[in-house]
Amino acid sequence: MTERVIEIGGLSKSYADVEAVNGIDLHVDRGEVFALLGPNGAGKTTTTEILEGYRVRTAGTVNVLGFDPADNDLAMKARIGIVLQSTGVDPYLTVAETLDLFAGYYEHPRQAQEVIHLVGLSEKRDVRVNQLSGGQQRRLDVAVALAGDPELLFLDEPTTGFDPNARRNAWEIIKSLAALGKTVFLTTHFMDEAQYLADRVAVIANGSIVAEGAPETIGGRDTMQARIRYRVPPGATVPPFHDASLRADGSFELRVDDPTVALHGLTSWAVEHGYAFDALDVSRPSLEDVYIELTGGQAGTE
Amino acid sequence: MNSPRLALRQVRFTNKAFWRNPASAFFTFAFPLMFLVIFTSLLGSGNLPINGVSIKRSWYFVGAMAGFGVISACFTNIAITVTFQRDQGILKRLRGTPLPAWAYLFSRVVHAMFVAAILVVITMVFGALLYDAPLPTGLPLLEFFVALVVGALSFSALALALTGAIPNADAAPPMVNAVILPLLFLSGIFIPLDDTAPGWIKLVGKIFPVKHFVDSLYGGFLGGFTFPAAAGGSHVYPFHWNDVLVVGVWGIVGLLLAARSFSWEPRR
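The listed protein sequences correspond, in order, to chains A and B. Residue numbering for the first sequence follows my numbering, starting at 1 and increasing by one per position. Residue numbering for the second sequence follows my numbering, starting at 1 and increasing by one per position.
Bear in mind the hints are in silico, worked out from the structure with no lab data behind them. Any given hint could turn out to be false.
[As the list claims (entries may be wrong)] Pairwise CB distance ranges (calculated):
| no. | chain 1 | residue 1 | chain 2 | residue 2 | range |
| --- | --- | --- | --- | --- | --- |
| 1 | A | Thr160 | B | Leu256 | 39 to 45 Å |
| 2 | A | Asp17 | B | Phe145 | 49 to 55 Å |
| 3 | A | Asp163 | B | Phe262 | 34 to 40 Å |
| 4 | B | Phe145 | A | Asn165 | 54 to 60 Å |
| 5 | B | Val249 | A | His117 | 49 to 55 Å |
Each residue gets a CB set at the ideal place from its N, CA and C atoms; glycine is no exception.
The shape of chain A in the complex, shown without the other chains (with noise of 0.2 Å):
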């Protein structure tokens, strides 16, 4: 039996002058990595640090574990960790008294050296959070979000600014905490980050969430057809196939419900002729084309 960790209904919050989240309706199973998607002034940071208890909701229910965030209550506090978009632990302490001083936070924290190594500070242990770079500084903060052994993890665009080796490197510490059973929940802008570790969509654009699902059928992603693109050299008479389209650079494109059939087609006649095409490729329509559309190539504005 699944085990709901977060149920939000209706959730709505508006700033002055703005509606930043606007009647929202999600969920997250125990166990699960689920991914908030959605372009800079989407609603995603407002959302997260609503179930974080930062934020006060205008509407709507929200359940974190069983508790109201905005109780703002301890006992949830000590069950989660929180990775914000920005560091925020005293500069003048080195990277073991910060992970000892958050671990004393917890009733049962996770082992300090074993949180350090885990996200690959173990050579800056008794180095100061001041001389750290700027990636030291947010795996620094992952660390952090580890130190209580938080059955429930927030990321808020955990992975931004990073190059792309910090990246992997994030991923696969994500990855580690889903196989010990931790419930994720991240935002992101990332299309591959959402896709690698995301059980579970969920797309958010002006504040409503536009699509919900698991990363390969989001949108509809896996009933829409096939695109081939090919190239025929120069010289080459045109392969039979009426529908495709020619594109700026020269390549065809054709879309297809069946990409076998086309493509046996394609290459017969291509074997037929003597040819060889340039460029020859077969994709799905990509988690980055599906958001596009969903989110109607929404400008970012935060």
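Got chain A sorted already, so can you dock chain B onto it with the hints?
Using the frame of chain A, we list chain B on its own:
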């Protein structure tokens, strides 16, 4: 871990982080001593008629700078440090942990009181060595101690209340100074207010806590000693519990204001 132990642990880490910034720590202590030397050199010769008795001006500055040290540590430093930590996201981060809010505030206040205590001791010893200032004993020492503790707590509470009105860290030093500096001057900390001071300045001193605080400090500091009195003969320097009471009431007002307006995140 239970809350009192958590709070004491927080004090320990606060203290550790404080000493890790030697420049900041050094000047925290050097500042009042520097002022003591400057003001005593400039204005410290001769006697000062105050509260019906005549005392040495240099002794006056020893007491005044002890008070200034407490106000620096508990008011100025708390207001600025807390606002900086708020801007750095440290407060927001703590808010996301099961550390009770009071434990954090407790750690800041206790640490400030610890710094204030060191400042007072340094000032007193410095004053005794250089200016032959007396050191209180017996009942006056107790009065001095109570006045210090009540003052430290009250100025801490007022500092926390003030942070609610400070939008961000950049605004903290000018706003804090704009609040406290005029009061320090009008309460005779830097330029002694003798019995002939203008009425409106005396009124300011009566209303706000700074003058009451330093008066209560003198009451303890010099309370055990007799001085030549203006009316002739000699007199013990007076100590009034009323002064301590006024400071305490301001502290309670500060606490109530802080409870209403304290913010864990900066307003930009």
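Against the structure, the hints:
no., hint, in the structure
1, Thr160(A) to Leu256(B): 39 to 45 Å, "41 Å, holds"
2, Asp17(A) to Phe145(B): 49 to 55 Å, "54 Å, holds"
3, Asp163(A) to Phe262(B): 34 to 40 Å, "39 Å, holds"
4, Phe145(B) to Asn165(A): 54 to 60 Å, "59 Å, holds"
5, Val249(B) to His117(A): 49 to 55 Å, "53 Å, holds"
Comparing the model with each earlier hint shows no violations; every hint is respected.
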